[in-house]
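K.L.:
Letter by letter, the chains look like this.
Protein chains: 2
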Amino acid sequence: MKFEFQNPTRLVFGAGSLARLGETVRAQGKRALLVTGGGSVKRTGVFDRAVASLKEAGVSVAECAGVEPNPRLSTVVRGARIARDNGCDVIVALGGGSTMDASKVMAAAVFYEGDPWDMIFHGQEKPRPPTRALPIVTVPTLAATGSEMNSGAVITDEKTTIKSFVRADCLYPRVALVDPELTMTVPPDQTAYGVCDLITHVTEGYLNGVDGTPLQDRWAEGTILTAIEWGPKAVANGRDVEARAQVQGASVVALNGWVQIATNAGFPVHTIEHTLSAHHDVAHGAGLAVVNPAWMRFAAKSRPARFAQFAERVFGVACRPGEEASCAREGIDRFEAFLRSIGCPTRLSQLEIGDDKLQQYARDALRIAHDQQGRLPGRPPMTEQDIVEVLRSAL
Amino acid sequence: MKFEFQNPTRLVFGAGSLARLGETVRAQGKRALLVTGGGSVKRTGVFDRAVASLKEAGVSVAECAGVEPNPRLSTVVRGARIARDNGCDVIVALGGGSTMDASKVMAAAVFYEGDPWDMIFHGQEKPRPPTRALPIVTVPTLAATGSEMNSGAVITDEKTTIKSFVRADCLYPRVALVDPELTMTVPPDQTAYGVCDLITHVTEGYLNGVDGTPLQDRWAEGTILTAIEWGPKAVANGRDVEARAQVQGASVVALNGWVQIATNAGFPVHTIEHTLSAHHDVAHGAGLAVVNPAWMRFAAKSRPARFAQFAERVFGVACRPGEEASCAREGIDRFEAFLRSIGCPTRLSQLEIGDDKLQQYARDALRIAHDQQGRLPGRPPMTEQDIVEVLRSAL
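Chains as they are written, first to last, in our numbering: chain A, 6 to 400; chain B, 6 to 400.
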């Protein structure tokens with residue numbers, strides 16, 4: 006087990022934390038670019054509360070509204086221009102994963118020479134991740150992506166319909182201000198997709214990682230168990246602030262690095278899903294709910310013991326020696342049933358995706374990430390045909 | 006659930022990491038104070054390898070050797086003087102918890118006006134934790150205290166026989182260079198005490214924390230399960246580098262903050278043990294192995310459900326509703342049996358501690374930490390008589 010890890014983000018967590026936004030941002034800068042998504046923060050009054058808190062602390066505000074669900078490169082360019090034009094010295098991301106991801110890349114694009122798309126890993130020979138960014142403060146309004154406390158971002162180039170990611174130390178937010186009350190107005194379907202997203206962050210490392218990480222396994226299982234216990238409560242009653250807090254706590258740690266540490270895992274399920282939501286107007290978490298169980302059935306064949314452990318420790322499946330394969334299947338069935346029970350789609354048809362572009366999705370996925378044999382990294386690595394067949398099994 | 010958390014330490018983990026000491030330290034400074042303990046690092050050649058790596062990277066070395074097992078204030082004063090006299094700009098702690106703790110307080114004492122004992126919380130009305138310290142690089146040679154990646158330190162004032170702690174943001178090491186190979190020469194008894202120490206870090210938060218932290222519970226249980234699985238292997242075969250790595254990974258996370266997050270827990274077992282090892286030449290982990298089960302039997306009476314959860318999830322005790330009290334006892338018995346199985350003492354007599362000073366230990370513990378009613382913080386808070394009785398039950 007070898008790794009290096011540092012996550013310098015300060016996490017400020019708790020119902021009511023939004024009131025501390027002004028002082029928090031003021032410690033980082035005086036002129037904020039306030040980045041938001043489709044307008045829900047304005048309808049709920051959260052935007053006004055944020056602006057009031059910033060102004061009271063003496064922070065001036067420029068606005069970049071309208072970050073779309075799968076944030077586009079052009080939006081990043083637009084936001085960076087607003088930041089530069091207004092001399093902003095700090096970026097505040099108030100929204101879901103898309104808003105936070107776009108904000109991070111804006112923060113870097115302010116200083117970046119050349120095309121910001123060069124920062125994003127999309128199969129180019131020499132990616133140029135950023136080394137400098139404005140300080141970022143994240144204020145998530147959705148428990149899902151974990152973007153509030155990590156150094157990653159996912160952006161779509163609308164010209165090529167490629168959706169891919171960047172990771173760089175300079176993109177760690179200075180502060181993640183996590184106020185579970187802000188998620189109370191998230192509707193049940195989006196809440197469920199968030200639960201699926203956070204669980205899938207954990208299963209990627211857990212099921213694709215190297216052998217010999219027993220502590221990470223335990224933490225991963227614990228995070229999934231927490232999401233399975235509290236997710237349905239948050240879906241059933243969005244005003245249950247305790248459930249909202251537990252789900253959001255789980256979503257923060259699901260991708261802030263600790264659960265994945267030293268696992269060196271590929272993220273095949275995410276990579277495949279990104280090609281779907283690049284081509285279709287699909288919520289990322291909904292796409293994951295379709296792809297993850299289908300991928301699991303494919304991957305379990307070559308690693309039944311690991312999936313049997315998942316079945317046993319997460320779903321309490323009693324697993325006798327020699328029965329790993331059937332246990333594995335039982336665990337995956339229960340996982341899929343859980344996703345359905347909270348209202349997630351589990352078939353491509355529910356996303357209105359047919360079989361006409363499966364080869365295209367597979368090719369796009371392999372363009373974003375591939376090993377030396379041209380396969381999608383994961384356990385096992387996937388050929389183009391493997392990806393097509395996984396997607397076909399989920400039609 | 007409300008909390009703030011930031012742990013900025015960079016963790017460099019893996020067998021062979023010692024070779025990177027020079028470059029790691031050079032990024033922080035040019036003149037290192039190299040702090041060591043009783044001499045084992047010299048016998049094993051680790052000291053020479055460390056010095057060679059530092060010199061190769063162009064770092065000059067001043068030495069502060071001989072930090073004792075329960076590090077004394079006078080040693081802190083001595084180290085800070087050596088650092089000042091040699092113009093050191095970085096502190097390298099190469100040793101166990103004592104060496105790392107002493108190094109942290111030396112790093113602050115270099116800048117501290119007045120008596121360094123004022124930094125340590127020991128019941129004074131206005132503690133003055135440090136706000137500035139030299140950069141610290143920790144290189145643990147023992148998997149136990151977790152000091153390598155947190156902001157705490159424990160120091161003994163030999164004049165008053167008070168052993169207590171300080172926590173301050175400036176004491177977070179810049180880098181924790183964790184090389185499990187360095188722990189391979191630790192003898193079985195010290196290895197076992199380290200396992201007990203790390204488990205006790207986790208049980209303090211788990212058993213003394215607030216209600217409503219289900220994710221932290223899971224991570225705590227996962228950390229304990231990992232220690233219980235791998236600890237005996239490290240005790241049985243010190244050269245098992247895989248076991249050493251797993252135990253050390255668990256010891257790092259047991260006290261780097263994540264498991265305790267938002268639990269707001271008192272550390273009664275530690276506080277009581279500190280009074281023992283302040284008065285007697287007792288290894289901290291050995292003292293904990295005696296105090297923790299005795300304390301658990303006391304605390305379980307007022308919180309049987311929590312201890313039943315511990316029994317069920319960590320030791321697989323099947324627990325039927327209404328049987329929490331007996332389940333709780335069964336779990337504590339199994340925990341104590343585990344400690345004995347790896348060679349830990351579980352009675353005060355094995356530490357050659359009798360009943361003549363029980364009242365004194367209790368008074369010392371309450372001097373270090375007490376609530377407004379004068380009780381030792383924890384669940385439940387403990388009176389002087391409670392502490393005496395817990396210790397008496399462990400005679």
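A couple of the hints might just be wrong.
Identical copies carry no separate label here, and so any pair may be met within one copy or between two of them.
To be verified - Calculated pairs, DSBU-like style, for lysine-lysine (alpha carbon to alpha carbon, straight line, at most 35 Å):
no., residue 1, residue 2
1, K164, K238
2, K306, K35
3, K35, K47
4, K238, K35
5, K238, K306
6, K47, K7
7, K7, K362
8, K60, K362
9, K47, K131
10, K306, K60
11, K60, K7
12, K47, K60
13, K164, K60
14, K306, K47
15, K7, K306
16, K362, K47
17, K238, K7
18, K7, K35
19, K164, K306
20, K35, K362
21, K164, K7
22, K35, K60
23, K131, K238
These are calculated hints, taken from the structure and not from any lab test.
K.L.:
What are the numbers of the hints the structure violates, in ascending order?
P.N.:
Hints 1, 2, 4, 7, 8, 9, 10, 13, 14, 16, 19, 20, 21 and 23 are the ones this structure does not satisfy, whereas the remaining hints hold.
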